[in-house]
Amino acid sequence: MSESSQITREEVAHVAHLARIELTEAELDHLRSDLDAILEHVKVVQSVVDADTPAMSHPIPVTNVFRLDLNVAGLTADEALAGAPESEEQRFLVPRILGED
Amino acid sequence: MTDLTKATAAELSDLLANKEVTSREVTQAALDRIAAVDGEVHAFLHVANDAALADADAVDAARAAGEPLAALAGVPIAVKDALTTVGMPTTSGSRILEGWVPPYDATVVAKLKAARMPILGKTNMDEFAMGSSTEHSAYGPTRNPWNTNVIPGGSGGGSAAAVAAFEAPLAIGSDTGGSIRQPAAVTGTVGVKPTYGGVSRYGLIALASSLDQIGPVSRTVLDAALLHEVIGGHDPKDSTSLDKPATSFVAAAQRADLSGVRVGIVKELSGEGFDAGVKQRFEEAVALMTAAGADIVEVSCPSFVHALAAYYLVLPSEASSNLAKFDAMRFGLRVSPEGVSEPSAEQVMAATRDAGFGDEVKRRLILGTYALSSGYYDAYYGSAQKVRTLIAQDFDRVFADVDVLMSPTSPTPAWQLGAKLDDPMAMYLQDIATIPANLAGIPGISVPAGLSDGLPVGVQFLAPALADDRLYNAGAALERLLVEKWGTHLIGQAPELEVAR
Amino acid sequence: MTQTLVDFDEALTRYEPVMGLEIHVELNTASKMFCGCATEFGADPNTQVCPVCLGLPGSLPVVNAKAVESAIRMGLALNCEIAEWCRFARKNYFYPDMPKNFQTSQYDEPIAFNGWLDVEVDGETYRIEIERAHMEEDTGKSLHVGGSTGRIHGADYSLLDYNRAGIPLIEIVTKTIEVPGDKAPAVARAYVNQVRDLMLALGVSDARMDQGSLRADVNLSLRPVGTTAFGTRSETKNVNSFRSVERAVRYEISRHAGILDAGGSVLQETRHFHEADGSTSAGREKSDADDYRYFPEPDLAPVAPSREWVEELRGTLPEPPTERRKRLQTEWGFTDLEMRDTIGAGALELVVATVEAGAAPASAKKWWLGELARRAKEDGVELDAMPITAVQVAELQGLIEAGRINDKIARQVIDGVLAGEGSPEAVVVGRGLEVVSDEGALSAAVDAAIAANPDVAQKVRDGKAAAAGALIGSVMKDMHGQADAGRVRELILEKLS
Numbered sequence: 247m248s249e250s251s252q253i254t255r256e257e258v259a260h261v262a263h264l265a266r267i268e269l270t271e272a273e274l275d276h277l278r279s280d281l282d283a284i285l286e287h288v289k290v291v292q293s294v295v296d297a298d299t300p301a302m303s304h305p306i307p308v309t310n311v312f313r314l315d316l317n318v319a320g321l322t323a324d325e326a327l328a329g330a331p332e333s334e335e336q337r338f339l340v341p342r343i344l345g346e347d
Numbered sequence: 026m027t028d029l030t031k032a033t034a035a036e037l038s039d040l041l042a043n044k045e046v047t048s049r050e051v052t053q054a055a056l057d058r059i060a061a062v063d064g065e066v067h068a069f070l071h072v073a074n075d076a077a078l079a080d081a082d083a084v085d086a087a088r089a090a091g092e093p094l095a096a097l098a099g100v101p102i103a104v105k106d107a108l109t110t111v112g113m114p115t116t117s118g119s120r121i122l123e124g125w126v127p128p129y130d131a132t133v134v135a136k137l138k139a140a141r142m143p144i145l146g147k148t149n150m151d152e153f154a155m156g157s158s159t160e161h162s163a164y165g166p167t168r169n170p171w172n173t174n175v176i177p178g179g180s181g182g183g184s185a186a187a188v189a190a191f192e193a194p195l196a197i198g199s200d201t202g203g204s205i206r207q208p209a210a211v212t213g214t215v216g217v218k219p220t221y222g223g224v225s226r227y228g229l230i231a232l233a234s235s236l237d238q239i240g241p242v243s244r245t246v247l248d249a250a251l252l253h254e255v256i257g258g259h260d261p262k263d264s265t266s267l268d269k270p271a272t273s274f275v276a277a278a279q280r281a282d283l284s285g286v287r288v289g290i291v292k293e294l295s296g297e298g299f300d301a302g303v304k305q306r307f308e309e310a311v312a313l314m315t316a317a318g319a320d321i322v323e324v325s326c327p328s329f330v331h332a333l334a335a336y337y338l339v340l341p342s343e344a345s346s347n348l349a350k351f352d353a354m355r356f357g358l359r360v361s362p363e364g365v366s367e368p369s370a371e372q373v374m375a376a377t378r379d380a381g382f383g384d385e386v387k388r389r390l391i392l393g394t395y396a397l398s399s400g401y402y403d404a405y406y407g408s409a410q411k412v413r414t415l416i417a418q419d420f421d422r423v424f425a426d427v428d429v430l431m432s433p434t435s436p437t438p439a440w441q442l443g444a445k446l447d448d449p450m451a452m453y454l455q456d457i458a459t460i461p462a463n464l465a466g467i468p469g470i471s472v473p474a475g476l477s478d479g480l481p482v483g484v485q486f487l488a489p490a491l492a493d494d495r496l497y498n499a500g501a502a503l504e505r506l507l508v509e510k511w512g513t514h515l516i517g518q519a520p521e522l523e524v525a526r
Numbered sequence: 013m014t015q016t017l018v019d020f021d022e023a024l025t026r027y028e029p030v031m032g033l034e035i036h037v038e039l040n041t042a043s044k045m046f047c048g049c050a051t052e053f054g055a056d057p058n059t060q061v062c063p064v065c066l067g068l069p070g071s072l073p074v075v076n077a078k079a080v081e082s083a084i085r086m087g088l089a090l091n092c093e094i095a096e097w098c099r100f101a102r103k104n105y106f107y108p109d110m111p112k113n114f115q116t117s118q119y120d121e122p123i124a125f126n127g128w129l130d131v132e133v134d135g136e137t138y139r140i141e142i143e144r145a146h147m148e149e150d151t152g153k154s155l156h157v158g159g160s161t162g163r164i165h166g167a168d169y170s171l172l173d174y175n176r177a178g179i180p181l182i183e184i185v186t187k188t189i190e191v192p193g194d195k196a197p198a199v200a201r202a203y204v205n206q207v208r209d210l211m212l213a214l215g216v217s218d219a220r221m222d223q224g225s226l227r228a229d230v231n232l233s234l235r236p237v238g239t240t241a242f243g244t245r246s247e248t249k250n251v252n253s254f255r256s257v258e259r260a261v262r263y264e265i266s267r268h269a270g271i272l273d274a275g276g277s278v279l280q281e282t283r284h285f286h287e288a289d290g291s292t293s294a295g296r297e298k299s300d301a302d303d304y305r306y307f308p309e310p311d312l313a314p315v316a317p318s319r320e321w322v323e324e325l326r327g328t329l330p331e332p333p334t335e336r337r338k339r340l341q342t343e344w345g346f347t348d349l350e351m352r353d354t355i356g357a358g359a360l361e362l363v364v365a366t367v368e369a370g371a372a373p374a375s376a377k378k379w380w381l382g383e384l385a386r387r388a389k390e391d392g393v394e395l396d397a398m399p400i401t402a403v404q405v406a407e408l409q410g411l412i413e414a415g416r417i418n419d420k421i422a423r424q425v426i427d428g429v430l431a432g433e434g435s436p437e438a439v440v441v442g443r444g445l446e447v448v449s450d451e452g453a454l455s456a457a458v459d460a461a462i463a464a465n466p467d468v469a470q471k472v473r474d475g476k477a478a479a480a481g482a483l484i485g486s487v488m489k490d491m492h493g494q495a496d497a498g499r500v501r502e503l504i505l506e507k508l509s
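Residue numbers (my numbering), protein chains in the order written: chain A, 247 to 347; chain B, 26 to 526; chain C, 13 to 509.
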């Protein structure tokens, strides 16, 4: 690991978990060094802006884009499920969900 | 007409309107060309022979029946695999979407169908449009028709190569940081990134929502304008689609008049890091334009030096969220982790995303997740969004004085396949001149400017938001000056591809 | 792990609760928040879906104008300020019921903020301060298959229906609520109840807790009496009735006190409420995995409601609840106690609707707070979840006033309505419950009763009219209750005069 590293291996592992990507040990090492190089380049953004600079989330300023509350035909259940890896009882079948909420 | 594949879309439009050729003939010629050369070029991920011919026959019948038809009716087109198409697989160049057939058409695809343009198939691309060489496609690289040992640019290398190899007169691309313009530059073709919101993104598999824009890929500026008028316009299904009347792009391309046009040369986009050959072609183009009456001035956009850094934070951040939906639950690939009995949904998601995404995608998703994560948001994503404001302010300032900006499209011509695969930063630097337009939402065009060591280089024009017509005027003017000089379009100088038997 | 619970009253001698309430209200718009799909409750699975709410690649959201309008009206009714400019944000986390693996929500720029709502408990008014009300979208529903319980733990796999995914939600978040501990459970309940009434009055939601169109989360912490720092809070999710809100607060106070008394520390976690015994159990622990990576939604334009629009919407607000209650009390002639009982029973809107349908206020209150409240309690359901409508209750009272049934028969009619036999009229006809008005039959029954009870008859003849009661009872029994008791009495007195 370089002395001035921007990101640790543990951080890469944590972020990979947040991103739901299972990585092998080798991938972790490789990514850490790639990210290090990229972060070294991009970290400059911190020093060129100040608190007063507005952040741009939308390149073209437009507001209040709404649609009327009307029903529009969507997909049939068959169309919706056509691409599903598995389905049952007209529902998407997914592996057991770990108990969160 | 000896070879329909060599005709421009404008020429085909006339031939079809005059009933000198049929759409079936034109479409069949394109399909034959694809069959002959695509084994070598690999521009297409899917070729829709039957559907394209059926569409061609239908438009021929409509024309015979005297139905009113759009200018490009009957002219076939190739579509980047990032756009959803009913009945055609749509993979965005990724293994994770292998075999997925969308139940709906992208708005742009629906517009092509409404204009009665037969769709030849889907073109290759870097996976989820992440890349500048098309080497990151899960389905193998596309090769540059000028030299099949070099890359065709990316992410839309497939669309550019298809047009450059005369497999299609027109193609659809998408441009997030240069994915239309850079491939156009390195394949000797024309590519336009419209004003953000000028073309609907509905049905474009999102890379970075605030940067992505669909645009035309063609061999001439006029052809790009013709296609832009088909695909542009307001779409109520895209909240960022602009509800403004489209300016006449075709008329601007036909005007092609530089007299009195003020052109700014961006100091920050022409110096260090740009190949000598690229700079030379650029300077020649400037000289030609000056002679044709353009008023050339040098301008400075100091924030542009930070554009790449901002881009490589904004893009991965938005992408990390946009690509979260690829989770093996509702569509696409599902992979169970090895050695785990009865894996949970969470384990299947993580295993699928590991197996289904390529290295470049994983790199950017992890970078983006990091840039948005607690404790880093302000430093990375937040600061990058502020840099966008600075870049937009630079554009506003210089556009008060000039009509268009001009720079080389890409710092180098195409490179050997594999040359930059192990150095992400070197690859990212290829987009240095194209990225500012995406960050600020303004339009840009790349037109061929000549060759450097036998490979094409391009010149880019940029215009203020909603002034896309200025690109067509300036681009067509430069194109005309160069064609007068060379006696042919640049693409006419491309070496013949070896045709498969 | 066994839970040591401290008696509620005892707990309050040492600790005081700090509460926060989050209410999710599902709007009753015709279409979803970001697409044109229908929102009907109970439709066949995956029949109200499209590329947008299924999160298919390439799809894009467009905001439902009506949902924004409802959010603004709701914000105004909660005495909130309305943002001049705000954005949607993406809340990123992976969960199979959420098609995009991010929820389109609002983060630091809610559409409405800084409001309040007054609630009344035992004649005291408590002001609940509202932190914010923001727009977001609902998730799909999962069905857990296999395992023993059908619950999420131990399931073999899950089946997902995305009909609910993308239905507009407004989340209303209170600031911390600090009220006397003994009042906390009732204040929490009264607040949820009042928000529900407000939603109904605004007409923006069905606000049915039993169907999940109004869901409450109870956040609670304790601190030692006399201290100011907040303790660690638990978040009890999706409490699905008013009564449960009250019970959840009580239970958590007792549970937290048990932990703190033992010198333990409360875990910051989500908890699930159990209807059966009023307890809560641990959900998942809050961890640093809860890093939602919020950022402004680039696919949606910012919302900037003009002040003209806001004022126009303010003009459409219903009467504020407190004023409305005062007006209703005056109109109905209820005492303070009667009014409080009506509100406390969650019957205010039911009485309003029953009166609108033609019943006298006192009669409406009698049924809803009497017989129907008793049955709701027996069945363990909310009053307004009973399968009888205000219109039906008014009809029932009308049948009594017309002399076609009596109070006692009315209870059988209620049985029929609750059993799904149709309207009161239909039940009366279907079950043959109409009181006998055939004078001949009545007269014969009276004669038979007099003959069977000569001693009693004599007392009546001797002027003891009160004794007629026994004869009336006999006749009613003979007629299976289907006689007008008043007319029977008249006949007896006539015959024995």
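Note that these hints are calculated values from the structure, not bench results.
Backbone N, C-alpha and C fix where the C-beta goes; we use that ideal spot for every residue, glycine too.
Hints should not be assumed to be uniformly reliable.
To be verified - Under the rule of at most 30 Å between Cα atoms (straight-line distance), these lysine-lysine pairs were calculated in the DSS-like manner:
1) B:Lys269 x B:Lys136
2) C:Lys338 x A:Lys289
3) C:Lys103 x C:Lys195
4) C:Lys378 x C:Lys489
5) C:Lys420 x C:Lys338
6) A:Lys289 x B:Lys292
Said to hold, decoys possible - Derived contacts from chain C toward chain A, CB cut-off under 10 Å, selection only:
7) Cys49
8) Asp56
9) Glu81
10) Leu155
11) His156
12) Ala167
13) Arg339
14) Gln341
Now for the hints, and whether the structure bears them out:
Under the criterion of a C-alpha separation no larger than 30 Å, the hint pairing Lys269 of chain B with Lys136 of chain B is consistent with the structure, at around 18 Å. A distance of roughly 62 Å separates the Cα atoms of Lys338 of chain C and Lys289 of chain A; the hinted pair therefore is violated under the 30 Å criterion. Between Lys103 of chain C and Lys195 of chain C, the direct Cα distance comes to roughly 35 Å. Violation of the 30 Å bound is thereby established for this hinted pair. With a C-alpha separation of about 25 Å, the suggested pairing of Lys378 of chain C with Lys489 of chain C holds against the 30 Å cut-off.
Simply put, Lys420 of chain C and Lys338 of chain C have alpha-carbon atoms about 33 Å apart, too far for the 30 Å limit, and the pair is violated. At roughly 24 Å between alpha-carbon atoms, Lys289 of chain A and Lys292 of chain B fall within 30 Å of each other, so this suggested pair holds. With its C-beta approaching chain A no nearer than about 5 Å, Cys49 of chain C sits inside the 10 Å limit, and its interface hint holds. Evaluation of the Asp56 of chain C hint against chain A yields a held restraint, the C-beta minimum of about 7 Å falling below 10 Å.
A cut of 10 Å between beta carbons decides the hint on Glu81 of chain C: the least distance to chain A is about 9 Å, and the hint holds. Because the closest C-beta pair between Leu155 of chain C and chain A is about 7 Å apart, less than 10 Å, the hint holds. Taking 10 Å as the C-beta contact cut-off toward chain A, the hint placing His156 of chain C at the interface holds, the least distance being around 7 Å. For Ala167 of chain C, the interface hint holds, the least distance from its beta-carbon to any beta-carbon of chain A being 5 Å, beneath 10 Å.
With its C-beta approaching chain A no nearer than about 31 Å, Arg339 of chain C sits outside the 10 Å limit, and its interface hint is violated. Because the beta carbon of Gln341 of chain C sits about 36 Å from the nearest beta carbon in chain A, more than 10 Å, this interface hint is broken.
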